[in-house]
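Chemist: Quick mapping for you: the protein sequence lines, in order, are chains S and X. Under the working numbering, the first residue of the first sequence carries the number 1, and numbering increases by one thereafter. Under the working numbering, the first residue of the second sequence carries the number 345, and numbering increases by one thereafter.
Keep in mind that the hints are not guaranteed to be accurate.
Stated by the list, open to error - Distance condition first, Cα-Cα at most 25 Å in a straight line; then the derived SDA-like pairs of lysine to any residue: (1) Lys574(X) <-> Arg95(S); (2) Lys414(X) <-> Leu160(S); (3) Lys414(X) <-> Ala73(S); (4) Lys478(X) <-> Arg95(S); (5) Lys605(X) <-> Lys478(X); (6) Lys414(X) <-> Val92(S).
Since the hints were made in silico from the structure, they are not lab data.
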Amino acid sequence: MAGEVRPNPPAEGRGGDIFPAAVLSVPDAIPESPEAVHTGLAERGFALVCRSAAFAVAGLLLAVFAVLAINAAPTLHAFGFGFLTTEVWNPVTERFGALAPICGTLVTSAIAMLIGLPLALGAALFLNEYCPHRLRGPVIVAIELLAAVPSIIYGMWGLLVLAPFLSAHFQPFMTAWVGPIPILGTLFQGPPFGIGMLAAGLILGFMVLPFIASVSCQVLATVDPVLREAAYGVGATTWEVCRNVLLPFSRTGLLGAAMLGLGRALGETMAVTFVIGNSHRISASLFAPGTTISASLANEFTEAVGDTYLSSLQALGLVLFLITFIVLAAARLLMRHVERRAAH
Amino acid sequence: MSFAFNPVRRLAVCAAVAAGLVTGTAQAAEMTGAGATFPYPVYAKWAEAYKAQTGVSLNYQSIGSGGGIKQIEAKTVDFGASDMPLEAADLDKNGLVQWPMIMGGVVPVVNVPGVAAGQMKLTGKVLADIYLGKITSWNDPAIAKINPDLKLPNQPIAVVHRSDGSGTTFLFTSFLAAVSPDWKSKVGVNTAVEWPAGIGGKGNEGVANFAGQTAGSIGYVEYAYALQNKLAFTQLTNHDGAYVKPDSASFQAAAANADWKGTPGFHVVLVDQPGKTSWPITGASFILMHKSQAKPENAQNVLKFFSWAYANGGKMAEGLDYVPMPGPVVKLVEGVWSQDIKSADGKAVWPAK
Numbered sequence: 001m002a003g004e005v006r007p008n009p010p011a012e013g014r015g016g017d018i019f020p021a022a023v024l025s026v027p028d029a030i031p032e033s034p035e036a037v038h039t040g041l042a043e044r045g046f047a048l049v050c051r052s053a054a055f056a057v058a059g060l061l062l063a064v065f066a067v068l069a070i071n072a073a074p075t076l077h078a079f080g081f082g083f084l085t086t087e088v089w090n091p092v093t094e095r096f097g098a099l100a101p102i103c104g105t106l107v108t109s110a111i112a113m114l115i116g117l118p119l120a121l122g123a124a125l126f127l128n129e130y131c132p133h134r135l136r137g138p139v140i141v142a143i144e145l146l147a148a149v150p151s152i153i154y155g156m157w158g159l160l161v162l163a164p165f166l167s168a169h170f171q172p173f174m175t176a177w178v179g180p181i182p183i184l185g186t187l188f189q190g191p192p193f194g195i196g197m198l199a200a201g202l203i204l205g206f207m208v209l210p211f212i213a214s215v216s217c218q219v220l221a222t223v224d225p226v227l228r229e230a231a232y233g234v235g236a237t238t239w240e241v242c243r244n245v246l247l248p249f250s251r252t253g254l255l256g257a258a259m260l261g262l263g264r265a266l267g268e269t270m271a272v273t274f275v276i277g278n279s280h281r282i283s284a285s286l287f288a289p290g291t292t293i294s295a296s297l298a299n300e301f302t303e304a305v306g307d308t309y310l311s312s313l314q315a316l317g318l319v320l321f322l323i324t325f326i327v328l329a330a331a332r333l334l335m336r337h338v339e340r341r342a343a344h
Numbered sequence: 345m346s347f348a349f350n351p352v353r354r355l356a357v358c359a360a361v362a363a364g365l366v367t368g369t370a371q372a373a374e375m376t377g378a379g380a381t382f383p384y385p386v387y388a389k390w391a392e393a394y395k396a397q398t399g400v401s402l403n404y405q406s407i408g409s410g411g412g413i414k415q416i417e418a419k420t421v422d423f424g425a426s427d428m429p430l431e432a433a434d435l436d437k438n439g440l441v442q443w444p445m446i447m448g449g450v451v452p453v454v455n456v457p458g459v460a461a462g463q464m465k466l467t468g469k470v471l472a473d474i475y476l477g478k479i480t481s482w483n484d485p486a487i488a489k490i491n492p493d494l495k496l497p498n499q500p501i502a503v504v505h506r507s508d509g510s511g512t513t514f515l516f517t518s519f520l521a522a523v524s525p526d527w528k529s530k531v532g533v534n535t536a537v538e539w540p541a542g543i544g545g546k547g548n549e550g551v552a553n554f555a556g557q558t559a560g561s562i563g564y565v566e567y568a569y570a571l572q573n574k575l576a577f578t579q580l581t582n583h584d585g586a587y588v589k590p591d592s593a594s595f596q597a598a599a600a601n602a603d604w605k606g607t608p609g610f611h612v613v614l615v616d617q618p619g620k621t622s623w624p625i626t627g628a629s630f631i632l633m634h635k636s637q638a639k640p641e642n643a644q645n646v647l648k649f650f651s652w653a654y655a656n657g658g659k660m661a662e663g664l665d666y667v668p669m670p671g672p673v674v675k676l677v678e679g680v681w682s683q684d685i686k687s688a689d690g691k692a693v694w695p696a697k
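With the sequences and hints as input, model every part of the structure.
Modeler: Below, the structure written as structure tokens:
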């Protein structure tokens, strides 16, 4: 859902000199010809098509929201605000609360960003600054291919390869060494089954990585070469160029790339369903099974019998819609803030 | 403008062609059904064989029992299919008739080092306590006591359940509720419940996967999935207190001993049935149709198919590890067809001429 609303193209705002002036200049006069009337018509028609396309997108968004809101209304009416703050999810007694899926969605996305963001940024910087020219093309293609792998493949890999590995090696190790530490240790308790919040977060991290890396790479490439060369010219090291030139000059775009990744992590369904353990409970341990909003929907929608149950699932969808909306809006605000501060 | 491109005429030709197509499909007769995913493989196999014999095809969408019930209520399909029988009151409210079509068994499977299929014995109470999260280790005295021959490790039990709503879960929780008052009061019976413990796998294959690769796990799957994935199923105590192994014979014993005749709407859940050899978690998958049929010839087509499947589909069902309905039950079902399913003007649709 979030992927459709793309952040501004990275170069906007500071890319005035990317387009040579000649391209932007308009011919002084349109030559008179018998086709002029035709051109006018075509012009207006084209404008109309474009405008309706834009309105259709906005209309679609509103329609989705409206349908979700209408179908979720019985649940929100029955449980009120408590729907967001209770953990119970009981189809037998028809009592439903969204807290466990909301927590699961936020926690797994946070783990994903924690892993995906540094890796992606590192890869993008390497490709732009360190990578031998001949290697750059193939690595970029590899990253983009990674982005094209269907999510169910990630899910299967997570279930068949990652989860057994976590269960046999990583989890016993963490429980033994980090487990005894107070507070931090609670994150690594419980029997090592492999599947759980941690596995889901890791898989999501791998899934958002190529998206963030690919966009970041393009963003970094748009930094004016003159700036980089000037910095190198005054004796800056590669690290100094990255830190003082590349990153500050492309932070808006990088933020956009991160948000794109976060949007995907929040809404990802299939891969998460495979490895998260699908349990409507909140646990302090990252090894414990949990669920996310989209995983709950994928699991339960087909066989949900009863109006309250169905309505609650749609209310979950509405909550996800709102979370994604808030995240994107916050990202926009943040970007504007960063831009304004940079302008001063 | 040449006459050949006269739009009106072209429209007329199109309409004629379309009409021809419509009557064409009506003659080729297609039955439509929607619902349960569990019986889908056997319905598909029957449909294929039936089409080869009669030319009548079946369009069955395995969208889940919940969806099947909704579709038949909305009359968008000729029949609906559900793994969970509807209550007689719900049937009457929507003018529906329901009967069991095919059976299967649900078996607990365990992944404990050194324990092969059929070796571990469990009672209903112990199984319920494991799923309630009260028994958390394989060397718990409650398990050790009934398995004196097995060497049970000190290993945490990974409880695996279905994450999606499912007829399998309905049968499993029905059994647990029948044998454990605790389960009945704390969790209850449904196609999806609030699980007190464990991890959820999507579909039988999801549970089979988790149970297969997680050491120390216990799960429950349709019998066929346990066989195909070579999972270690357990023995269970039945209503008569005897330990039984799951197989075709013990599923059929459960069905034979059930009281189909005295239960309105065939609302029989075959858990904890009497009989020394009955497997305690057996269940049927049900077909739903409207009592009043606006198109009696359609209904007749569908009933002919089901009657054919009762008579000729047993071998195919067994090949896929399903259990065919016993003969006496089939007689009862066909009796209900002729009694309850009528055309709009009140004529019985079955037996078909």
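Chemist: Work down the list of hints and note, for each, if the structure agrees.
Modeler: A quick look at each hint next to the structure:
no., hint, verdict
1, Lys574(X) <-> Arg95(S), "violated (38 Å)"
2, Lys414(X) <-> Leu160(S), "violated (36 Å)"
3, Lys414(X) <-> Ala73(S), "holds (20 Å)"
4, Lys478(X) <-> Arg95(S), "holds (24 Å)"
5, Lys605(X) <-> Lys478(X), "violated (39 Å)"
6, Lys414(X) <-> Val92(S), "holds (19 Å)"
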